[in-house]
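For this one, chain A is given, so just place chain B on it according to the hints.
Number of protein chains: 2
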Amino acid sequence: MLQVNHERVAKLLQGLASFTDSEEGVTRLAYSPLDKKAQSWLLEQVQDLHLQIRTDAVGNVFLRRDGKQQLLPPVATGSHLDTVIHGGAYDGMCGVVGALEALYMLQDEELGRSIEVIIFRAEESSRFGFATMGSKLLTGSAVPEQLNKGAKKGDISFIEALREWGCNPDAYRDAVIAPGSYKCFAELHIEQGKVLEQTQHQLGIVHNIAAPTRFKIHIKGVADHSGATPMGMRRDALVSAAKLILAVNEAAETEKANGSVGTVGVVDVEPGSINVVPGAVTLWVDVRGVDKASIARVLQSIREQAENVAVCDGVGVQIEMLTADSPVALDKALAAQSEAICTEKGFSFLHMNSGAGHDAMHMTKICPTTMLFVPCRAGISHNPAEYASTENICRGIEVLAEVLRREAN
Amino acid sequence: MLQVNHERVAKLLQGLASFTDSEEGVTRLAYSPLDKKAQSWLLEQVQDLHLQIRTDAVGNVFLRRDGKQQLLPPVATGSHLDTVIHGGAYDGMCGVVGALEALYMLQDEELGRSIEVIIFRAEESSRFGFATMGSKLLTGSAVPEQLNKGAKKGDISFIEALREWGCNPDAYRDAVIAPGSYKCFAELHIEQGKVLEQTQHQLGIVHNIAAPTRFKIHIKGVADHSGATPMGMRRDALVSAAKLILAVNEAAETEKANGSVGTVGVVDVEPGSINVVPGAVTLWVDVRGVDKASIARVLQSIREQAENVAVCDGVGVQIEMLTADSPVALDKALAAQSEAICTEKGFSFLHMNSGAGHDAMHMTKICPTTMLFVPCRAGISHNPAEYASTENICRGIEVLAEVLRREAN
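Residue numbers (the working numbering), protein chains in the order written: chain A, 273 to 681; chain B, 273 to 681.
Bound-form chain A, shown alone:
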């Protein structure tokens, strides 16, 4: 196997980071023209790998290196290129660039099975309110119609975005891959937490993924003049919403020991004028954990508080579920193989869980799946300050390349 090329890895990551809609951090929303430009640029850079390129019916891209035994299911790896608003340059990109660099490292190897690098579309929910959309559609875990109701005010819907991207949303079934189509799937990713850094490990081997439960809370009060409406005569939707923002936080704080978290990330206020008592508010909520019972308790507590606020404040409160995924267990044999590889290479490693959701979580439905985590500075992610060192990333790529080599033989 050839040596990992630090310079090429750094150059590709830097190049991708330049495709951004914001000066601060990287903003490259899923299915945006910039998402397409970044992908085209990347594919140009790796033309010398001579990969076969295929795009499926929902925009996922497959880069294939043929093996000798083309009838056997290929080995798959990959990640995503889209980012949150004001995100970083490593979340997702690290796994796509890492997969391509692994193929460079394997250029001198004759392998039995083919290898496919998958660029999943829309892993982040920043644009359409749903996460891991490409891998959900690929594994038959959702249909476009279901993912169409999270669009933000002023943006086009997901189905319109699919058409704009050049896809035919009606042909979404063509994108679904049957179980057994791949021998296995491996995803390299930054940790997006502080555990590896604080415990001084060079690599994380992931065993469980905490999947998000997402919902909107709609609060309906009465819009009124902010000067002429006495305090006792108001039904201010934002005051009720504030109580529910605190209720989400408290419900998750109570389950802190079990690793659950809860976040309100978006607040829509209607009409949103300084001189009008808010008449309606929508909160977008994200709850996660690896312990199903703990997640259920968080959700139950939020539901109870929503009912309390509705009764006490005389406002309408309605919860609209968006997604409710279960925590996912990854493949134990592949984890053991990564452990063996780390030991051989002298890399320190930690067995751990993922607090963030990943495309790998859906790939478990069609093949044995594994994930490798690279430490990131201060655990900061989804933020312009997101950073992972090229050294740490390249250690991850070395292990990934060896996993692909062993699985493809």
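No wet-lab data here; the hints were simulated from the structure.
As the structure is a computational prediction, the values presented were derived from the model and not from experiment.
Just to be clear, a hint being listed does not mean it is correct.
You can't tell identical chains apart in this list, so a pair holds if it fits in one copy or across any two.
What the hints assert, rightly or not - In silico EDC-like pairs for lysine to aspartate or glutamate, Cα to Cα no more than 20 Å straight-line:
#	residue 1	residue 2
1	492	296
2	488	542
3	309	295
4	466	427
5	425	295
6	515	382
7	455	603
8	515	585
9	488	540
10	425	542
11	528	585
12	283	316
Then chain B, alone, in the frame of chain A:
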């Protein structure tokens, strides 16, 4: 004096309501192309009044009917045409249409003084974060530069809007009117509260106007991944903001008996993604009252809670003052004159205060000023359901016309 024409009043109010950017209610933001179109339409409708039309350096419009003694300061009346987002068809328009109808009623009268109808620009703060901008500039109470920092994300600044409207912001001093330039100013307006309806009075005679104190609260936390950031490691700006939304509400509730109110009408969340812990939040706050000491206690309480939250949550909290107007007393002699007119006409009336701010509040600086309130249904205003009956409005116009007649003689 001629009879008030109910049909013309209803037709002008309905016509103005058709100039809207929203299907629900009326949305006609200050200095927008729609604001201009509505004004042009109205001026066409009243061409038969043969008024002299003048626009000042900041966009306020003056419609003048000459009196016999042109060297004497004219009598002024008027209101505004701009609305909040999803507002009603009466707030402001009632006073402009009412002033024009009063001129129709006075067509058979020979009057000593001239009468000017003023259409003030940007009474509502919905677009630029500041209220009564036209009357502030007209009375020298502000300069454009001061009013330029409240622009919303994605919109142009106030100074840019002035240029777009055809004004020269640098010539703003030309718009300032010296004290004594008018004999008096009278504004007809809907109450925007429930007092007249609940006490069954046909007209309100206003004695004090509760002016708004407006400020932004900036909360600075740390944006982070919503899945991989444990609860104990967060500095969630929105959780701190929720505490301050409740603090504003509580501070005003405590001063309810003294008539003070407090409202958070706008919440800006950065970055505003469901999968990112909010890193920064800005709240737009409006506090009002007629009792200066009570307002001061509300502001002090909010300031103390802001400091508490900053210390307890480890976030940055900064208060940025926008405006801090004082409650304003209107002219007692003019109020007594309106009382006499109501008594003569057999209209029931109530002496009262205004919870909402009005252009009249700034006109007190240059001449004796009075306001007349028309009841509005359920006190609802700044809302599509805002409604005042033509009968009630026309009673107000009858009194206004008589006030103008007496003052102009």
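Next on the checklist: Name the hints, by number, that the structure is in violation of.
Outcome noted: 4 and 6
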